[in-house]
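Residue numbers (our numbering), protein chains in the order written: chain V, 1 to 401; chain D, 1 to 401; chain X, 1 to 401; chain R, 1 to 401.
Hints in this document: simulated from the structure, not taken from any laboratory. Every value quoted in this text rests on a predicted model; they were computed, and no experiment measured them. Careful, some of the hints might be misleading.
Stated by the list, open to error - A few chain X residues that face chain D, going by a derived Cβ cut-off under 10 Å, partial list only:
no.	residue
1	V4
2	G6
3	N10
4	E22
5	P23
6	L265
7	R329
8	N331
9	D372
10	G382
11	A385
Virtual Cβ for every residue (Gly too), placed ideally from N, Cα, C.
Protein chains: 4
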Amino acid sequence: MDFVYGPGKNHLFVPGPVNIPEPVIRAMNRNNEDYRSPAIPALTKTLLEDVKKIFKTTSGTPFLIPTTGTGAWESALTNTLSPGDRIVSFLIGQFSLLWIDQQQRLNFRVDVVESEWGRGADLDALASKLEADRSHTIKAVCIVHNETATGVTNDLAAVRKLLDEYRHPALLLVDGVSSICALDFRMDEWGVDVALTGSQKALSMPTGMGIVCASPKAMEAAKTAKSVRVFFDWNDYLKFYKLGTYWPYTPSIQLLYGLRTALDLLFEEGLDNVIARHSRLGKATRLAVEAWGLKNCTQREEWFSDTVTAVVVPSYINSADVVKRAWTRYNLSLGLGLNKVAGKVFRIGHLGNLNELQLLGCLSGVEMVLRDVGYPVKLGSGVAAAAAYLRNSTPMITSRI
Amino acid sequence: MDFVYGPGKNHLFVPGPVNIPEPVIRAMNRNNEDYRSPAIPALTKTLLEDVKKIFKTTSGTPFLIPTTGTGAWESALTNTLSPGDRIVSFLIGQFSLLWIDQQQRLNFRVDVVESEWGRGADLDALASKLEADRSHTIKAVCIVHNETATGVTNDLAAVRKLLDEYRHPALLLVDGVSSICALDFRMDEWGVDVALTGSQKALSMPTGMGIVCASPKAMEAAKTAKSVRVFFDWNDYLKFYKLGTYWPYTPSIQLLYGLRTALDLLFEEGLDNVIARHSRLGKATRLAVEAWGLKNCTQREEWFSDTVTAVVVPSYINSADVVKRAWTRYNLSLGLGLNKVAGKVFRIGHLGNLNELQLLGCLSGVEMVLRDVGYPVKLGSGVAAAAAYLRNSTPMITSRI
Amino acid sequence: MDFVYGPGKNHLFVPGPVNIPEPVIRAMNRNNEDYRSPAIPALTKTLLEDVKKIFKTTSGTPFLIPTTGTGAWESALTNTLSPGDRIVSFLIGQFSLLWIDQQQRLNFRVDVVESEWGRGADLDALASKLEADRSHTIKAVCIVHNETATGVTNDLAAVRKLLDEYRHPALLLVDGVSSICALDFRMDEWGVDVALTGSQKALSMPTGMGIVCASPKAMEAAKTAKSVRVFFDWNDYLKFYKLGTYWPYTPSIQLLYGLRTALDLLFEEGLDNVIARHSRLGKATRLAVEAWGLKNCTQREEWFSDTVTAVVVPSYINSADVVKRAWTRYNLSLGLGLNKVAGKVFRIGHLGNLNELQLLGCLSGVEMVLRDVGYPVKLGSGVAAAAAYLRNSTPMITSRI
Amino acid sequence: MDFVYGPGKNHLFVPGPVNIPEPVIRAMNRNNEDYRSPAIPALTKTLLEDVKKIFKTTSGTPFLIPTTGTGAWESALTNTLSPGDRIVSFLIGQFSLLWIDQQQRLNFRVDVVESEWGRGADLDALASKLEADRSHTIKAVCIVHNETATGVTNDLAAVRKLLDEYRHPALLLVDGVSSICALDFRMDEWGVDVALTGSQKALSMPTGMGIVCASPKAMEAAKTAKSVRVFFDWNDYLKFYKLGTYWPYTPSIQLLYGLRTALDLLFEEGLDNVIARHSRLGKATRLAVEAWGLKNCTQREEWFSDTVTAVVVPSYINSADVVKRAWTRYNLSLGLGLNKVAGKVFRIGHLGNLNELQLLGCLSGVEMVLRDVGYPVKLGSGVAAAAAYLRNSTPMITSRI
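Extracted from the complex, chain V is given alone in its bound form (with noise of 0.2 Å):
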């Protein structure tokens, strides 16, 4: 594959896949093993068990699926759902409207409510369709905590506070593909009923283990819900779950080993430290791009994501040429602006297994960037913005100390 090499490390800042660090790399350097002898079932449980602390819940039942987030939603939505099923939906950017594009395409009756990208998702609308739904033909309300394609973070407790204040018993689906293992997530405490997320993201694996949490109330949904569905069936699984041999098919073997190692690199670090180490990120980031004057595709402080930054760029500049010129000559990775925001913004994946000095690497080379297409932003003064910041916030190592 000649035309990928390039000297020294590709700098990697796409808001997934992220980089894999060495220790899970190390992982999953290895070769198959027979997933039904004792070793595996006795692997998987201990994942079963730990994977439930990133959901942060007690009482949710994990699902390990080989897939995508694309296949995790389908899991969420095909077990706890049946065809013809009301739903609520934010679209609030391109994933937000792939997830409704697969809703509606499972057959359920989507009520769309859509925000101005770069917007949240909009609660008043949802207190709207609450209040006036007294027979409660909302099945599900169903969210993107973080939308990857304008840096968005929605508020995940008022939409609980909402449900909750008008007792209204729908389901809360949570998409936080780019969120869980990273933002603040509350499973149990904010009613979650399914949350899922990718091996990809955050957890900073390797593309290829959808995992999936359900509450009970989503277990007890699944009982009844009439969406086709075999190979997302939690049912194949609750059925091995029970013969201790968990399996309904063959798991990679290599993503088992490293999840385990994922979630240990998680835990030593302490899961709050890893969310305020995103939080610093996040806010290092917003600070270079007002010091370059220009503007954050997220509109209001409350909506800013620590997870990705989706910068607009000025008119008379094609975004996709950054993320060009970042590839072809500093060998950094960039998001591509998507759909309605394509040429409009370039995104800043600040996500999974990732220092300040990367971060500050990544800011060095927007900046040159930029000016290699035509923006006179003044070289230093992102990253030096970040680095006042990061200076004042940067905790030590605690294994170094």
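Given chain V's structure and the hints, the job is docking chains D, X and R onto it.
For chains D, X and R alone, coordinates are given in the frame of chain V:
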């Protein structure tokens, strides 16, 4: 994972997941990459072109789906059929049974044609059905090329011959999970409409990629098939094929590089040589079984499988004890008997990146295990029989002559 | 490197370098690190402590030298002896010959005590020399514990006994390259003054680390030894040991982590169990050789080596053809006969991270090769003999019971 | 090794060992092999041929020795000189000092020509000595091309010019440890007689291979050199070169494959482009140092090193604190000041497989550290200065245009 450890190599002889060759492990030993950079599409393009060769098709359209064999099944069915469609499906062992279960749960009307486990598909029954079906209500014939549970290989050419004889337009959907890249498989010549396999089988990779190939007729059927599908929808792939970016959602970067190397190794050895090697290993295994005085679960030579041999144990022995003993004493992983043949057979998988001495090591292990569990096999007898054959049939390693 | 490729695993049965266990390969799969950070000294400290256990010494001082076995030899000699010093050295095969060559080129006066190749060290000759040496002109006795060329193990306890009997103060320098971690070795009990091995032997790592351990008496000798040395000078190490930074020059980060894991695996299995396993594999190999009607190059049972067996071929066969054929047809790597026994013996290395079925696979391969080159061995005969013994002696894998 | 762990990548900016590119890590991720099979000699042959290119020699004879740079020094000296030989050696920093220490301990008569640390070799002194040495008692001139402790690059062409001017036959022995593959180095053109480097420096591999190249004149000298040597004796290599088996003792299989890939990467980038990249990174670093208001330890531009920069800290700061802080807070590995400049300088290694954004990340980290330890640097100032230069000088990545 302490209790996995045993000195030396694990001898992996389950019929999947199988041994991964070192070059593939190396190729996958890498960080993530941006799958929207020019590199990954360029890589994918070569994969889609080259993967057709393992199906022996020039007209087929391949899909590399982040899923398992079970997902590949679902992809084959839902893209070509509509709920209520009548299909004929052969039940000859656990994996055909599971596929039939999936077919039924996906709401097709399944004409199950059952054979005794250990026998191949009942083609006479198929002939009757085809003959009777003047109005072409049968939309598809579903057949497992190689039933992994019993070590039975079905005669696909004969199936095609029947369909042609009766000029029946039914689609021919083939599970090639434990055959493709190991047994003779000719998609175009045999008029297979959808063929599929999984990465962890004869391709000798980790689990995680379902490889599905569709004939032009299958692609045409996909346009009108009404089965609900999103994650498995070929159209989503086709849209991105046209764009030249190839991926509707994030692929596993590692598996892509792994597949590149796996294909390179297959082509370096020569696909026909690979198939000949499997034929050699299969025959050697059967000679050993015979020398041990044991029965092959497969009742007739015409059905003998060159990828897996299910060995029937005497009635006073529980085959699960054979598997357990092999694992706990000799670091040898054998396949359990499943469902109807649970306790009655153990399975030796001899597929994928495997050579003669590995197999002989396994056979010598099986001999010791058989003695351990009380079967009075003559030690060395199976190895001798297998070696006598292998010594006459094993070619020189081309690259070393 | 095209012509290396052959399907399946390479069966590596040379007496070094040997198979590396997957956990060690994984541990070494890493970027470089600053060896002056606190991490590497902390790691090194554990290594220096734990490596003493493989020598069975508590009073010895270990050195982990970035070199091969040949360098380790040089380290042992130049740190303890002065040019012109008289030493007694046993010539029993190619590796003792090479060591003697080194001793001579380093300007020691070497009393070479030669045995026929295939016999052990002539201890009677040693006794005579010690008896005659009232004035203690002999400064050291140099002996190869296990001669890798002929598969002869010398009796170190007997050497110590002689030295004690004659109250002779000569240093006892031992090449343990193909013995330590595989054969019973007791540095303190046997009063060995310098013992050494290489990482690529029974430690089952890549080549590159010479491991040398010096008794207090050897350390004392080092203070006055006048041999010129810099790279191999223990004093440079000791200086850094005192500083707690440990390294006079840059170590291989990868080998340090590899050694950590290699030791962990040895201790998990239990060093005595490791030695018992080698004893088992050695005996099984010899039983096979006997069953084939071939002779062991080693003339008496007391010298039989449990790490390598040199098999004498009939005079009408060139043993190099055995080795060549094994490689070109069966992907089996055997050891050539060296020097005096070139063409006459081939060698089976059975040391390091190796188990019973691997060995049986090798033996079945040797049988086929022997037939290929014209020796009328009964296929399966050696495997049967080995298996009969192994089935009675192989323990359950502790971690899996 | 708990306390190593910190989130994200370690930023490795010590002047060795340096970052290993992923393709090299992958190439080394392998089991051992028989080094006497045809494969390893075939591989070695290509290495010996290609490694000459990094020295820019066609007439030199290369040796790949399982050792470190210190061992490579010893190989260069002992193979070409005899005890008592007079040599001229330049002391300009810690590594030249260590080499001189080795020279003295190897019993050469060393004319030490000392410069203040931070200055280059005193070539006037050399001129005087050469002029005075009509009888050619000086057998060799030993010079470190790039003094890693102070970041000083000596002018080898000028040394050659002096030798030629005085028609002096002394051998020219060059330590190229931190220069070869990074700085302009021309063995043949400059009449270098022995040049050497270590694998862990600009070749970007693990430690463990000393690479030594000898001119025909050096090879001639080796025939009469009386220094005692065995492990490092070139003759042992030459003997095996003639046999075509290449190795007098076991090489590291992993390092051989690693070197193959390392060379491939260098040639793919183009050796001159590699050197230009180092020049670019070196200059960018110096611009940052200047912007910080700090002094380069190197006193004159003519000596500036493009592989390592020693930065002088203000007298009220201990440079060890800079290094410690970088490690404990920012996961940044910098080089300590050594010996005379301990506490006074810290070092930024910018050699090997490294690109612009990696360096800028490092520089931003250094800025934060400087503030942490009390130096009032303006955050972003160094990054800005470096980036301004890099933006103008960094080429497009050829393979991606």
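Which of the listed hints are not met by the structure?
none
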